[in-house]
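The listed protein sequences derive, respectively, from chains A and B. According to the working numbering, the first sequence is numbered sequentially starting from 1. According to the working numbering, the second sequence is numbered sequentially starting from 1.
Since the hints were derived computationally from the structure, they do not count as laboratory data. On a predicted model such as this, the values are computed, not experimentally measured, just so you know. Treat the hints loosely; a few may be bogus.
If you anchor each label on the Cβ, the simulated ranges turn out as follows [to be verified]:
1. A/Ser209 to B/Gly140: 41 to 49 Å
2. B/Lys30 to A/Asn156: 47 to 55 Å
3. A/Gly68 to B/Gln66: 53 to 61 Å
4. B/Glu126 to A/Pro51: 31 to 39 Å
Don't be surprised by glycine CBs; every beta carbon is placed ideally from N, CA and C.
Each chain, written out:
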Amino acid sequence: MDVTFDFDWQAAFASIPHLLTGIPYTLLISFVGLAIGFIIGIVFGLLRISPVSWLRLPAVAYIEIFRGTPVLVQVLFIFYGLPQLLGGPINALVAGIAAIAVNSGAYISEIVRGGVQSIERGQREAGLSLGLSRRQTFRYIIWPQALRRMIPPLGNQGIISIKDTSLFSVIGVGELVRQGQVYIATTFNALEVYLMVAALYLVITLSLSFALRMLERKGLVGQ
Amino acid sequence: MNDETSKSGGEPIVRLDKVNKYFGSLHVLKDIDLEVTPGEVVVIIGASGSGKSTLIRCINGLEEFQQGALEVDGNPLLPHGKATKTLQKIRTEVGMVFQQFNLFPHLSVLDNVTLAPMKVRGLSREDAIKIAERLLDRVGIGDQAQKYPSQLSGGQQQRVALARALAMEPRLMLFDEPTSALDPEMIGEVLDAMRELANEGMTMLVVTHEMGFAREVADRVIFIHKGEIAEEGPPETIFDSPQAEPTRQFLSRVLKH
């Protein structure tokens, strides 16, 4: 049992410049995917609580399907499956963004629904009793309050989606994990390089946590 | 009826004709007939669950009713919440103060008061602020306009809620147990503001458990029992010589302590 292994700090640090080339892809997929997912989430989250039952149905179907299947399967379907339908290849980056968008969109729909439903009934009644229309009541009273309550779970979802992008190494997107794999293929420093990969993810997610905490602290004034 | 108790008379501003409301199979309002004339202060009393809050919530359409006719300032409200056009018109003319204040926590006191005049009446921000400052001064909150509701006491919050409703220059004010959620030492300041409003001639429909206020300020007191108007009349009659047995029992319970 005399396993001696010298952690090669030099190799670890040497990998960083190469790994950094993956970060723009990781960030691009995450943020564009989440931005689209947020829009999807608002639309389907509000449809989900529509008083009209035939509007609720597609929202429930969408949420259950994309929340209930793995994001890895979703991206494989989009990248390898959809081209058979469309008759042409799909760019791997686009496939990754699409997968994050539809996957996070399903979760964000539920976050939006929960946020809106958490606002006390009296707020709506107060708005309506002042003569505001239902639309105005939603826009000026319900939504701003709901949005503040949605910040913590949205932050959570952001962090989950950022980490999910690591799966897209399988379709060859040059994101962080993929760059690590490429680098290890020539240097064989798996321990050092994956540790650096992990550290870089942590830098991204901690920055987001920190930014959200600031936002929350600001946004919660007057709650 | 009650010609001697209404201050100014004229066409009633609120008219309910045989209004019936059900929550599922529960019959919560039974054949309610009610007319309120401009300038009149009507206080509605009754036990919890008697339907008194439901009654005033029907008047601005926060609750639907199933049968009967309801009219506010000549605008009809139809059963089952139909005709949303007149409903919104009615709501702009009818102010409401809630038990739980229902201030908008994400807006400053000033913005709470200016929101509806700007968005519904189309007032400019400057004009809305002028009105708001005057009303906030009047209810004694003028110096707190930049604060948020959570920074105020319950009594202050309820006075802001009153100013917010008055900013729409309503023709009728509904009060749904406005002091029931307040600490005892803050009830007086809210009742004072309401008393002042009544003295200025505002038409008011007040659901309350404050019998002293009812006796002093009301032109007419209505006692509701199990969804029905069991008795109504001037406060002296209701409090000093109630005719109906339920009224007597209720008053003996609430006036004992």
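These are the hints, each one checked on the structure:
For A/Ser209 and B/Gly140, the hinted distance range of 41 to 49 Å is satisfied, since their beta carbons lie about 44 Å from each other. B/Lys30 and A/Asn156 have their C-beta atoms about 51 Å apart, which keeps the hinted 47 to 55 Å range intact. About 42 Å separates the C-beta atoms of A/Gly68 and B/Gln66, a value inconsistent with the hinted range of 53 to 61 Å. For the hinted restraint 31 to 39 Å between B/Glu126 and A/Pro51, the CB-CB distance of approximately 38 Å keeps it satisfied.
This entry does not satisfy hint 3, going by the numbered hints stated previously; all others are met.
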